[in-house]
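K.L.:
What follows is each chain in one-letter form.
2 protein chains.
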Amino acid sequence: MKRNRIIVIGGNACGPKAAARARRCDPASEITIIEQGYDLSTATCGLPYYISGVIPNQSSLLVRGAGYFKDVLNIEVMAGTRTLSIDRKSQTIAIADVKTGATSTRDYDKLVIATGSIPVVPRLDGIRLGGIFTLSTIADANAIKKHLSRPVKKAVIIGAGLVGMEMAEALVLLGIEVTVVDMLDRLLPNLLDFEMAAYLEKLVKSKGIKLLLSQKVTGFEGSSSGLVGKVITAGGALETDMVLLAIGRKPNSALAGEAGLATGAGGGIAVDRHLQTSDPAIYAGGDCVENTHLVTGQKVLAPLGSTANKHGRVIGSNVTGGKEEFPGVLNTAIAKVFDYTVARTGLTEQEAGRLGYEVVTALVPGQEHARYYPQSKDIIVKLMAERGSGRLLGGQVVGPGDVAKRIDVLASALTFGATVDAMANTDLAYAPPYNSAMDPLHSAANVIRNKQSGLAEAITPMAVADKIKKGANFILLDVRSEEEWKGNHIEAPQSKLIPLDSLRQYLDKLPKDAEIITYCQTSVRAYQAQRILSGAGFKNVKFMDGSITTWPYESTGAK
Amino acid sequence: MKRNRIIVIGGNACGPKAAARARRCDPASEITIIEQGYDLSTATCGLPYYISGVIPNQSSLLVRGAGYFKDVLNIEVMAGTRTLSIDRKSQTIAIADVKTGATSTRDYDKLVIATGSIPVVPRLDGIRLGGIFTLSTIADANAIKKHLSRPVKKAVIIGAGLVGMEMAEALVLLGIEVTVVDMLDRLLPNLLDFEMAAYLEKLVKSKGIKLLLSQKVTGFEGSSSGLVGKVITAGGALETDMVLLAIGRKPNSALAGEAGLATGAGGGIAVDRHLQTSDPAIYAGGDCVENTHLVTGQKVLAPLGSTANKHGRVIGSNVTGGKEEFPGVLNTAIAKVFDYTVARTGLTEQEAGRLGYEVVTALVPGQEHARYYPQSKDIIVKLMAERGSGRLLGGQVVGPGDVAKRIDVLASALTFGATVDAMANTDLAYAPPYNSAMDPLHSAANVIRNKQSGLAEAITPMAVADKIKKGANFILLDVRSEEEWKGNHIEAPQSKLIPLDSLRQYLDKLPKDAEIITYCQTSVRAYQAQRILSGAGFKNVKFMDGSITTWPYESTGAK
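So the protein lines, in turn, are chains W and E.
In this text, residue positions in the first sequence follow this note's numbering: the first is 273, and each later residue adds one.
In this text, residue positions in the second sequence follow this note's numbering: the first is 273, and each later residue adds one.
The set of hints was computed from the structure by calculation and includes no laboratory data.
Some hints could be false.
It does not matter which identical chain is used: a pair holds within one copy or between any two.
[Claimed, not checked] Simulated pairs of lysine to aspartate or glutamate, DMTMM-like, Cα-Cα distance not exceeding 20 Å:
id : residue 1 : residue 2
1  : Lys811    : Asp298
2  : Lys479    : Glu754
3  : Lys595    : Asp693
4  : Lys342    : Asp773
5  : Lys342    : Asp780
6  : Lys768    : Glu826
7  : Lys418    : Glu826
8  : Lys723    : Glu597
Just need the whole structure built from these sequences, with the hints factored in.
P.N.:
Shown next as structure tokens:
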């Protein structure tokens with residue numbers, strides 16, 4: 273019997289996983305991994321922590337040595353080997369030794385393309401200057417570490433995405449003055465809606481990071497040393513000793529494209545649920561392919577090690593006769609940004625709006641566990657559901673508390689098409705060190721249910737700020753205690769304080785027809801106040817979503 | 273228009289929540305809470321931490337004062353008032369002032385029974401001796417604290433359930449010598465299967481706690497002081513200075529039962545999905561009712577503050593004209609036991625077996641986050657699915673790492689009837705400080721998939737121990753390194769060491785027909801070894817579930 277020859281192109285995440293799974297499924301196949309670099313299965317997600325020194329040794333990022341593949345898995349590894357082209361007709365690939373340039377060919381029965389992604393590098397003046405880096409590989413990280421052994425005082429990070437924020441923290445830890453520049457108006461613009469990003473922004477600024485948002489970089493200038501010395505933006509020049517380009521990644525799908533395999537609008541290789549490409553003998557997975565978004569059904573890119581590993585398992589099964597499926601992704605993402613964790617799953621409100629969903633939101637400041645148990649930390653939950661059906665569309669969670677748990681619970685719920693009704697009654701684990709009797713996700717789901725049923729009438733902080741700016745005629749009613757008001761409040765001519773426990777006594781003194789917007793610390797009392805006022809016949813009462821905790825502006829009063 | 277008169281019996285968790293929700297839904301109803309104690313909404317789940325001093329002040333356990341109900345919610349609170357009986361025909365309750373004994377009656381249109389649960393107290397000789405406590409209320413906690421101001425050196429806790437374990441930790445923190453006695457053979461017998469409990473047992477013993485399992489308490493004897501001095505068990509007498517009875521709680525449903533309302537086999541008040549009792553004018557929620565188990569559809573008790581709060585909201589809506597539903601519970605539970613967290617959701621393997629499910633399990637030692645990121649701690653996952661359908665039935669997670677996240681993800685998945693296929697591909701959040709590329713839940717789901725497909729052949733540690741005990745003829749193959757073997761291994765005549773990376777060289781030296789059971793540290797290498805051996809034509813190879821990490825016995829070698 274002829275042996276099944278499997279060739280895997282790409283030695284990170286998806287590729288090795290596919291190869292190892294193929295071996296476990298089939299002891300007989302001939303399996304080869306072709307990798308242009310010299311390390312396999314490197315933990316590239318750890319690179320910012322390696323640069324900062326949080327992970328002290330490069331070796332801990334090398335998950336598997338070549339010996340493991342050979343001795344344990346009986347898989348041939350060809351490191352330092354570039355794949356030049358795929359001849360689909362003859363089922364042959366052309367390869368070249370990276371060092372010698374010597375070329376040869378290899379035949380395959382099943383080919384796996386796991387070529388990953390590459391950082392986007394804009395064509396700007398001076399882009400090739402020394403001291404400008406991207407971050408994809410251990411080699412990149414070592415180049416940055418080497419550069420940092422010079423006297424580097426200032427760094428500019430271009431791109432306020434995940435890698436940008438992780439590297440901002442890493443460089444601040446190393447004592448460097450960091451400026452983050454982004455074309456868009458907020459931090460983590462693909463992950464967070466405006467008010468959630470604003471909450472994070474306050475932390476990031478408190479760490480001494482300068483933010484230049486809504487700013488386009490137009491070029492770079494060298495210093496006397498010949499290395500980068502200035503970043504040029506529309507708003508002026510920034511002096512710097514180094515630049516990190518972190519404006520995103522794109523699928524490394526050129527090889528597949530040149531071989532005539534179908535690719536999607538975002539440049540990812542098109543695959544079906546079995547991760548089979550338009551050529552039945554060729555599978556593809558990891559950063560180089562398109563995924564199906566489980567909420568929208570649309571094709572999206574999802575360049576993440578976690579997804580790549582899941583792809584690898586599916587492919588390993590399918591190249592050895594299996595018929596496994598990969599259902600899709602939720603674009604779940606998480607990052608540590610100093611003392612906060614930032615995460616989202618599913619759609620943001622902005623994305624959902626763009627896609628034409630009618631969205632109901634909740635913005636809920638909560639606690640990671642029972643307030644009376646020591647050291648409970650804050651988390652802010654933003655939850656989105658489709659108006660009418662109540663189907664969850666996505667969520668964002670930010671704060672110093674246990675964000676990861678909530679985002680994973682939401683990811684699990686979104687996977688199964690959960691509604692807010694189901695979410696509100698999920699039997700999550702409760703004991704004081706771990707949660708409150710009602711999880712912040714329960715509260716957020718209930719806020720959406722209250723909004724849908726008409727009990728809760730709310731207004732976003734952005735809309736309130738707009739009203740204040742326009743000098744609109746309304747009452748901005750703080751229902752906290754006098755002490756809390758003295759600590760901070762929203763400075764505006766419309767502001768008024770009536771503590772919640774006195775509100776019923778003041779019902780006769782407030783104008784019944786006035787527009788009243790209530791707020792407190794977290795919205796719990798503001799919602800209660802709205803119910804009291806609505807119950808007493810006030811016609812135009814709303815509470816402000818998230819209240820003062822998520823007020824996204826600086827204009828609060830004394831403290 | 274006649275006002276809707278709502279009476280709520282019970283001032284903890286469900287009752288106040290129902291009342292507050294009713295007020296928010298309807299400004300006009302007349303709402304009264306009747307509570308036999310003097311505090312409302314006390315956080316009784318915090319009592320073990322109040323006793324240990326982790327929560328220093330009693331006041332932080334008083335969530336809401338009576339003023340809040342009156343001033344903010346316009347709800348009448350009758351504290352210190354006992355409900356004597358319910359006359360369903362006239363829609364009247366008879367009440368008595370606890371202090372004066374004065375009785376009166378009250379009419380209702382809607383009645384809410386939220387009378388909670390009471391601790392089970394066995395009728396044993398000496399049960400009324402001083403120094404024997406149960407723990408339900410702040411008064412109980414204060415009585416214990418007062419007793420602890422005497423010279424208390426030794427304490428016996430009867431019952432190794434959640435409260436028993438939390439109190440064991442509390443008393444050890446106070447420097448007391450603690451013995452835990454349970455009739456069943458393990459810790460947390462309603463939450464954990466044997467091997468998971470055994471993993472916890474090692475920790476608990478290391479904290480100096482003595483365990484008397486499979487032991488029945490038959491009575492108590494007094495000391496010279498007239499307080500309890502001895503606990504009598506079938507195995508002998510234990511000297512002690514105090515006793516905590518923590519053998520479970522039962523629904524406080526006598527009032528409902530006497531009024532002729534239907535109750536279930538476990539003594540809980542029977543309610544429908546709207547939490548309506550067999551009398552349409554009466555709703556009931558919290559610890560005193562039965563719940564529907566979402567996996568089995570059967571009626572179960574679920575005395576927990578989290579469930580009580582959810583009940584309260586549903587009832588508050590429904591007594592004011594709403595039609596909300598409470599779907600049911602998963603018996604999710606979590607506890608902090610010293611440095612470990614212990615949790616389960618859904619069914620245990622034992623429960624599933626009793627109910628007639630054919631179960632496939634995974635026992636997976638994992639890490640809370642990427643191993644290469646600092647301070648990653650262990651967690652052990654046990655996952656259960658139905659053979660064939662692959663539908664998840666339940667899970668248990670134990671360890672020093674982030675257990676809470678995994679149990680809540682599982683609870684979310686179980687709510688929606690997830691299969692192991694879906695679980696394995698859930699898009700959980702990944703970044704090195706929060707997870708590995710594959711979450712331990714992904715790994716556990718994949719183990720079950722591999723077992724179902726026949727790739728993985730496994731055997732439980734209990735079955736292996738049994739074989740060793742019987743002197744069976746098999747090879748117990750440790751595939752770790754020599755160094756790891758020296759650290760610890762399973763002492764047995766059947767034991768043999770062949771490190772995984774040498775295994776392929778030894779294939780000719782192992783007997784093809786022998787029964788071989790592989791193990792390593794976490795089962796990853798053991799499974800790989802099983803695949804190598806099976807692939808090489810060995811006919812009877814299995815790996816040991818959980819490997820040495822979850823070996824539930826003491827008989828490992830040196831260390």
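K.L.:
All the hints need checking, so say for each whether the structure fits it.
P.N.:
Going through the hints against the structure:
no. : hint            : result
1   : Lys811 / Asp298 : between (71 Å within a copy, 16 Å between copies)
2   : Lys479 / Glu754 : neither (31 Å within a copy, 48 Å between copies)
3   : Lys595 / Asp693 : between (35 Å within a copy, 12 Å between copies)
4   : Lys342 / Asp773 : between (72 Å within a copy, 9 Å between copies)
5   : Lys342 / Asp780 : between (83 Å within a copy, 18 Å between copies)
6   : Lys768 / Glu826 : within (19 Å within a copy, 68 Å between copies)
7   : Lys418 / Glu826 : neither (39 Å within a copy, 50 Å between copies)
8   : Lys723 / Glu597 : between (38 Å within a copy, 18 Å between copies)
When the structure is compared with the earlier hints, violations turn up for hints 2, 7 and for no others.
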